[in-house]
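**Student:** Listed below are the residues making up each chain.
There are 2 protein chains.
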Amino acid sequence: MSDANDAGLALKPKWDAHGLITAVASDAATGDLLMVAHMNADALAVTLATGEAHYWSRSRQELWHKGATSGSTQRVVELRIDCDQDAIWLKVEPAGPACHTGEQSCFYRVVTPTGLVHG
Amino acid sequence: MSDANDAGLALKPKWDAHGLITAVASDAATGDLLMVAHMNADALAVTLATGEAHYWSRSRQELWHKGATSGSTQRVVELRIDCDQDAIWLKVEPAGPACHTGEQSCFYRVVTPTGLVHG
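Note that the protein sequences, when read in sequence, are chains A and B. So the mapping is simple: our numbering equals the position in the first sequence, first residue as 1, plus 10. So the mapping is simple: our numbering equals the position in the second sequence, first residue as 1, plus 10.
Hints listed in this document are in silico derivations from the structure and should not be mistaken for laboratory results. Glycine included, every Cβ here is placed at the ideal spot set by N, Cα and C. There could be a bad hint or two in this list.
Claimed, not checked - Estimated spans, in silico, between C-beta atoms of each pair:
no., chain 1, residue 1, chain 2, residue 2, range
1, B, G129, A, T124, 30 to 38 angstroms
2, A, L58, B, H128, 12 to 20 angstroms
3, A, T124, B, A78, 22 to 30 angstroms
4, B, T122, A, K24, 14 to 22 angstroms
What the hints assert, rightly or not - Think about it this way: if two alpha-carbon atoms lie no more than 25 angstroms apart in a straight line, the pair counts; the simulated SDA-like pairs of lysine to any residue are:
no., chain 1, residue 1, chain 2, residue 2
5, B, K24, B, Q71
6, A, K24, B, Q71
7, A, K22, A, A55
8, B, K22, A, T32
9, B, K22, B, P107
10, B, K24, B, P107
11, A, K22, B, P123
12, A, K24, B, K22
13, B, K22, B, V86
14, A, K24, B, C109
15, A, K24, B, E103
16, B, K22, B, R85
17, A, K24, B, V127
18, A, K22, B, T111
19, A, K24, A, T40
20, A, K22, A, D52
21, A, K22, B, P107
22, A, K24, B, R85
23, B, K24, A, W25
24, A, K24, B, V87
25, A, K24, B, W25
26, A, K24, A, L58
27, A, K24, B, T122
28, B, K22, B, E72
29, A, K24, A, T79
30, A, K24, A, G129
31, A, K24, A, A51
32, A, K24, B, V86
33, A, K22, B, K22
34, A, K24, B, H128
35, B, K22, A, G129
36, B, K24, A, L30
37, A, K24, B, H110
38, A, K24, A, S67
39, B, K24, B, S80
40, A, K22, A, L58
Put together the whole structure using the sequences plus the hints.
**Tutor:** This is the structure we're talking about:
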């Protein structure tokens, strides 16, 4: 399973067939997972350049500056990439709820053997 | 963007065209992201039934009991699902390194504007 991406120090994202990698944002202060989204090369470049999280919106097929309309921007504290460079982890300081439902995190429900529990 | 999945308490994963959802594992003690993988319905059911993380290996096209060969199993402390139920978050107690490289986390490199930095 090893390849050059595992040990190298060159940023070479392994884009999928749609030109995307998985982007996972967590709260830098609490460690809570906030959301799972996607980035294309443009979103990654703009995120690095501005220090604010930008994603690729698959539904709208456009660059998505998180919080541009809602105000819930995400300041990037640290960006990490995984071994095979097909997933990126953003530790962020969120200015507001990450979720479109108004919840702080999209992961507001616990999975139990008998269903979901809010909280 | 809202739909019945957002507010409901029924577990109804939104499987993709390959029958998968994204699965993100973090260390329950430290909050560190460990790995991003995938689950199919079987992997999710077996994870819930056993309390140990099971994924779907896309490369091997088989159910993957994490740590079955390496010993680095992951005991599930909590399982959460996101608003549209296409991503699942596992908080785990890892028995060893999550990454096939031997690193504790697959996210062992920081992305900087000039390249990757180990650490």
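**Student:** Next, verify each hint and record whether it holds.
**Tutor:** We went through each hint and held it up to the structure:
For the hinted restraint 30 to 38 angstroms between B/G129 and A/T124, the CB-CB distance of approximately 42 angstroms leaves it violated. Checked against the hint of 12 to 20 angstroms, the pair A/L58 and B/H128 passes, with Cβ atoms roughly 18 angstroms apart. The beta-carbon spacing between A/T124 and B/A78, approximately 27 angstroms, falls within the hinted interval of 22 to 30 angstroms. A beta carbon spacing of about 19 angstroms between B/T122 and A/K24 agrees with the range 14 to 22 angstroms that was offered as a hint.
Pair hint B/K24 plus B/Q71 holds up; C-alpha atoms about 20 angstroms apart against a cutoff of 25 angstroms. At roughly 20 angstroms between alpha-carbon atoms, A/K24 and B/Q71 fall within 25 angstroms of each other, so this suggested pair holds. Our distance criterion of 25 angstroms between C-alpha atoms is met by A/K22 and A/A55, whose separation comes to about 12 angstroms. Only pairs whose Cα atoms come within 25 angstroms are accepted, and B/K22 paired with A/T32 is accepted, the gap being roughly 21 angstroms.
Only pairs whose Cα atoms come within 25 angstroms are accepted, and B/K22 paired with B/P107 is rejected, the gap being roughly 31 angstroms. Simply put, B/K24 and B/P107 have alpha-carbon atoms about 29 angstroms apart, too far for the 25 angstroms limit, and the pair is violated. Of the pairs offered as hints, the one joining A/K22 and B/P123 holds, with about 13 angstroms between alpha carbons and a cut-off of 25 angstroms not exceeded. Restraint check: the Cα-Cα separation between A/K24 and B/K22 comes to about 30 angstroms, which exceeds 25 angstroms; the hinted pair is violated.
Under the criterion of a C-alpha separation no larger than 25 angstroms, the hint pairing B/K22 with B/V86 is consistent with the structure, at around 20 angstroms. A hinted pair counts as satisfied when its Cα atoms are at most 25 angstroms apart, and A/K24 with B/C109 qualifies at roughly 17 angstroms. Distance check on the hinted pair: A/K24 and B/E103 sit about 28 angstroms apart at the alpha-carbon level, beyond 25 angstroms; violated. Using a Cα cut-off of 25 angstroms, the hinted pair B/K22 and B/R85 holds, with the two alpha carbons roughly 23 angstroms apart.
Taking the CA atoms of A/K24 and B/V127, the gap is near 18 angstroms; set against the 25 angstroms cutoff, the hint holds. A threshold of 25 angstroms between alpha carbons decides the hint, and for A/K22 with B/T111 the separation of about 18 angstroms falls inside it, so the pair holds. The suggested pairing of A/K24 with A/T40 is violated, with an alpha-carbon distance near 29 angstroms, which exceeds 25 angstroms. Annotation: proposed proximity of A/K22 to A/D52 holds, straight-line Cα distance about 14 angstroms (limit 25 angstroms).
Restraint check for A/K22 and B/P107: satisfied, since their Cα atoms lie roughly 23 angstroms apart, inside the 25 angstroms limit. The hinted pair formed by A/K24 and B/R85 fails the criterion: a straight-line CA distance of about 29 angstroms is larger than 25 angstroms. A hinted pair counts as satisfied when its Cα atoms are at most 25 angstroms apart, and B/K24 with A/W25 qualifies at roughly 22 angstroms. Restraint check for A/K24 and B/V87: the C-alpha separation of about 31 angstroms exceeds 25 angstroms, so the hint is violated.
Of the supplied pair hints, the one linking A/K24 and B/W25 holds, its CA atoms being roughly 22 angstroms apart against a limit of 25 angstroms. Our distance criterion of 25 angstroms between C-alpha atoms is met by A/K24 and A/L58, whose separation comes to about 17 angstroms. Between the alpha carbons of A/K24 and B/T122 the distance comes to roughly 17 angstroms, so the proposed pair stays at or under 25 angstroms and holds. The straight-line distance between the Cα atoms of B/K22 and B/E72 is roughly 22 angstroms, inside the 25 angstroms bound, and the hint therefore holds.
At roughly 30 angstroms between alpha-carbon atoms, A/K24 and A/T79 are farther apart than 25 angstroms, so this suggested pair is violated. Of the pairs offered as hints, the one joining A/K24 and A/G129 is violated, with about 35 angstroms between alpha carbons and a cut-off of 25 angstroms exceeded. Taking the CA atoms of A/K24 and A/A51, the gap is about 10 angstroms. The hint holds against a cut of 25 angstroms. With a C-alpha separation of about 29 angstroms, the suggested pair A/K24 and B/V86 falls outside the 25 angstroms cut-off, and the hint is violated.
Distance restraint check for A/K22 and B/K22: the Cα-Cα separation of roughly 35 angstroms exceeds the 25 angstroms cut-off, and the hinted pair is therefore not satisfied. A C-alpha spacing of about 18 angstroms is found between A/K24 and B/H128, which places the hinted pair at or below 25 angstroms, so the restraint holds. Annotation: proposed proximity of B/K22 to A/G129 holds, straight-line Cα distance about 18 angstroms (limit 25 angstroms). Proposed proximity of B/K24 and A/L30 is supported: the alpha carbons are some 19 angstroms apart, at most 25 angstroms.
Distance check on the hinted pair: A/K24 and B/H110 sit about 17 angstroms apart at the alpha-carbon level, within 25 angstroms; holds. Distance hint between A/K24 and A/S67 is fulfilled; the C-alpha atoms sit about 18 angstroms from each other, no more than 25 angstroms. Proposed proximity of B/K24 and B/S80 is contradicted: the alpha carbons are some 31 angstroms apart, above 25 angstroms. The hinted pair formed by A/K22 and A/L58 meets the criterion: a straight-line CA distance of about 14 angstroms does not exceed 25 angstroms.
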